Amino acid sequence: MNPLPGKSQPKDYKSDVKPVWCPGCGDFGVLNAITKALASLRLPPEQVALISGIGCSSRVPAYTNVYGFHGIHGRALALGAGLKAARPDLHVVVAGGDGDGFSIGGNHFLHACRRNMDMTYIVMDNEVYGMTKGQASPTTAPDWTESELTPSGTHARPFQPAAIALAAGATFIARAFSGKPNLLAQMMVLAMQHPGFAFIQVLSPCPTFRPEQKEWKNIVRPFAVDALPTSDPALAALHCQRDDGMSTGVIYVEARPVWRRSNMQEIAIEDIEQEFRL
Amino acid sequence: MYDRLMNRIQELDSRSVALVGSGGAGVVTVGNLLLEAAAADGSYGLMRRSAGPQIRGGESAALLRFADMPVECAGDYYHLVIAFDWRHAERFIDEIPLAASSCVLHDPAGGDVPEPIVQSGARLIPVEMQTQAKEIEYGRANMIALGLVSSITGLKLETISKTVSRSLSTKGENVVAGACACIERGAKMGRSLDIELPMPIAQGGTEDRWTITGNQACGLGALKGGVRFVAGYPITPASEMLEWLAPRLARTGGCLIQAEDELASVNMILGASYGGVPAMTVTSGPGMALMTEGIGLAVASETPIVVIDVMRGGPSTGIPTKSEQTDLNIALYGMHGEAPHVVVAPVSIPDSVFTLQWAVNLAESLQTAVIVLSDQLLAQSRVIVNRPPDIGFITRRVTAQAGVENYRRYALTADGVSAMAIPGTIDMSYTADGLEHDERGTPSTGSRDHLQQLEKRAGKLIGFDYGDHWADVEGDGTIAVVTWGSCTGAVKEAIRRAGEQGVPVRLIALRLLAPLCTQQLNQALEGVRRVLVVEQTFSRQFYHYLRSQVDLPKFTESLARPGPSPLSPGEITAMLLVGEA
Chain A
113 MNPLPGKSQP KDYKSDVKPV WCPGCGDFGV LNAITKALAS LRLPPEQVAL
163 ISGIGCSSRV PAYTNVYGFH GIHGRALALG AGLKAARPDL HVVVAGGDGD
213 GFSIGGNHFL HACRRNMDMT YIVMDNEVYG MTKGQASPTT APDWTESELT
263 PSGTHARPFQ PAAIALAAGA TFIARAFSGK PNLLAQMMVL AMQHPGFAFI
313 QVLSPCPTFR PEQKEWKNIV RPFAVDALPT SDPALAALHC QRDDGMSTGV
363 IYVEARPVWR RSNMQEIAIE DIEQEFRL
Chain B
5 MYDRLMNRIQ ELDSRSVALV GSGGAGVVTV GNLLLEAAAA DGSYGLMRRS
55 AGPQIRGGES AALLRFADMP VECAGDYYHL VIAFDWRHAE RFIDEIPLAA
105 SSCVLHDPAG GDVPEPIVQS GARLIPVEMQ TQAKEIEYGR ANMIALGLVS
155 SITGLKLETI SKTVSRSLST KGENVVAGAC ACIERGAKMG RSLDIELPMP
205 IAQGGTEDRW TITGNQACGL GALKGGVRFV AGYPITPASE MLEWLAPRLA
255 RTGGCLIQAE DELASVNMIL GASYGGVPAM TVTSGPGMAL MTEGIGLAVA
305 SETPIVVIDV MRGGPSTGIP TKSEQTDLNI ALYGMHGEAP HVVVAPVSIP
355 DSVFTLQWAV NLAESLQTAV IVLSDQLLAQ SRVIVNRPPD IGFITRRVTA
405 QAGVENYRRY ALTADGVSAM AIPGTIDMSY TADGLEHDER GTPSTGSRDH
455 LQQLEKRAGK LIGFDYGDHW ADVEGDGTIA VVTWGSCTGA VKEAIRRAGE
505 QGVPVRLIAL RLLAPLCTQQ LNQALEGVRR VLVVEQTFSR QFYHYLRSQV
555 DLPKFTESLA RPGPSPLSPG EITAMLLVGE A
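Line by line, the protein sequences are chains A and B.
All residue numbers for the first sequence refer to our numbering, where the first residue is 113 and numbers rise by one.
All residue numbers for the second sequence refer to our numbering, where the first residue is 5 and numbers rise by one.
Hints in this document: simulated from the structure, not taken from any laboratory.
Treat the hints loosely; a few may be bogus.
To be verified - Beyond 10 Å from chain B on every Cβ pair, some chain A residues (computed):
id: 1; residue: Lys196
id: 2; residue: Pro334
id: 3; residue: Leu350
Said to hold, decoys possible - Across the chosen pairs, the derived CB separations fall in these ranges:
id: 4; chain 1: A; residue 1: Gln353; chain 2: B; residue 2: Leu416; range: 29 to 37 Å
id: 5; chain 1: A; residue 1: Ala253; chain 2: B; residue 2: Ile466; range: 50 to 58 Å
id: 6; chain 1: A; residue 1: Gln353; chain 2: B; residue 2: Gln58; range: 40 to 48 Å
id: 7; chain 1: B; residue 1: Gly450; chain 2: A; residue 2: Ser374; range: 45 to 53 Å
id: 8; chain 1: B; residue 1: Leu201; chain 2: A; residue 2: Ser374; range: 52 to 60 Å
id: 9; chain 1: A; residue 1: Pro345; chain 2: B; residue 2: His340; range: 40 to 48 Å
A quick note: this is a predicted structure, and the numbers were derived from the prediction, not measured.
Think of the CB as a built atom: it goes at the ideal place given N, C-alpha and C, for glycine as much as any other residue.
Start from the sequences, fold in the hints, and give me the full structure.
Below you can see the structure in the form of structure tokens.
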């Protein structure tokens, strides 16, 4: 018998649905890390909701045995925010890809950071649209010419998730690598324990459309500065800007009041109706 | 022919008063005070607002009608017009029809009387309101006007003073004193004008009467129906409902979020409803267009939501401040794929309370999206009405309890509704999905799963018992008017007038637009040889919708006009009487 509620084994948080992901997809590592983090926190599966949008990585809820909602493209954060606002008792984790979160859902990303609801947002960033077969995403380098849709590259500066999250007001910002699921799981535990909006950008290679990302395992390294994590946004911004986007670790943690619903004295609807009397 | 008929149609015993002036002149303030004072004296009334897009300095009109019975529409013409100035008059003049017997009191300081008003033959009376107001400390021309109207209509000065003192109390004693002095001055001026338009006073006490706007009535109905989560993005003419709901949800254990856009609004309510909390969003046409993908997700994932569209003139940004019924098509057909859902519309302002309660009930019972079509005319008009009946619905979603083995969220059931596990229920987790799925919810591209789930989602709506609420059906005779929404008020008055001319007409005002209750509609049309379909659109959307669903009699006519001028009871009556009397 478990001395604590919830389950103690990561496998207890997995479902029997087989992922659609390609062999070697980084998202397997993220799924493992999610289940490890939930097991480590001993969260009862029924108290957790995993919310996603559309894309390869957004398929993740069905592969777990927590409550899930696989919504529409780009709107996962809004779906999660509504759930958390209506059901503050639940642990809400939102997950998806770079296209879902930073392109079609970019506006929701900004406002979720500002709002600082107590939830965790995991973005599996592979710098490509996988589900639609290999188009450039907001994080793709401007000179990437492998997509027929943008044969001469995007000519657009890549989106910088951590820096933008910082400017928009996220209170927990981290970068991780899917190839290190144990480290990632530890980071997820910190994120889920953080009171407020916690954002993790996970570098998660796409072996099919970005085979060169197989090299990421040799490139990623922890941030080589003792200063991080910091609660100083200027310092965090400095290190985000200086970095090539391949350093991992918790970057920024801030204690800021968490979004909460306004508490007003309760009255009955019959009392509200009084205002309409002549 | 038409003109001759119009002459025969008598107005009800009502008084219509129009107050016009630039934004900031305070016409809406005077309108509200006049409505409240008349209500206190025992009249029923309705005040419609017509405004331009500007926040300050644009044109603005408060259009009132009083009677000794509940008023559901504007009259055929205005008995009295009070104009502070004529700025941008061309933008609202068509909404203020006049007769030769009408009186127009205009401030000469406000410019020349526009030609169409002169042409109407109405009596034009210059009255110096601004000059008079300037002579009084804290005086304002709109309060002079209030005095003028009160003496002309015979409202008790005492009631007016009381109403004004209460309403302006927060502005300080000087303002109240100035207003009261202006009202007295205006009343004195009014007495010298030799115009009498006594206000119709209803019998009986006023204890059981309410004053409410359509936006408030929708909000109240939603609360009574059990909505406890709302997300919305500001939009004219729906914002007032969100503003009304925000503090009241917070006081009834609920919550409202101002979302970053309408895409977020609809997805937030999906999240809340997935969590087990009845949820709603409120918008107007442009927001409705943005929400359609989310509404489709509600249908596919079988997550109950209510979406109120307070319609305004379209397309695109259109006429944000004025009414139209032109979102019918997007409400019926806006979703991609085949997404059966429910569309309802209140038939009056007080009916908005009931219709919203019903909408929440339908969304929760059927686990689908319910679109409610209100419009600017209903939403921003304020009425004096009898307290709407208290109808209690037992709204309960079919939920799955813990311990069900082999739980299938989208199980095929006899009535098409399957039990929904609410997060927190032990060992019942599932993933809701907008992807086509099997009974368990696992994504599927198979034709069998697709067909089964399509049949499930359509079947649960078709097989449901909507009771008598599908329409308001009244009267008999071999002529019927089929209408919906805010047109219903004018149609009802037209039918009453036709009846007085010896031509009985049936009313069929649809509350449930989709799914259309064709069997009940055919029954209601039994013995009818002639049908008039009345709506406020340009392209006759409602007429074409009915034609596509029901075999209407050969003699079926359409009376359709786009906004912003509402259809008048007189023109509907005239159309009904052609060839009949």
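Each hint tested on the structure:
no., hint, verdict
1, Lys196, "violated (8 Å)"
2, Pro334, "holds (34 Å)"
3, Leu350, "holds (29 Å)"
4, A:Gln353 x B:Leu416: 29 to 37 Å, "violated (56 Å)"
5, A:Ala253 x B:Ile466: 50 to 58 Å, "holds (53 Å)"
6, A:Gln353 x B:Gln58: 40 to 48 Å, "holds (44 Å)"
7, B:Gly450 x A:Ser374: 45 to 53 Å, "holds (47 Å)"
8, B:Leu201 x A:Ser374: 52 to 60 Å, "violated (47 Å)"
9, A:Pro345 x B:His340: 40 to 48 Å, "holds (42 Å)"
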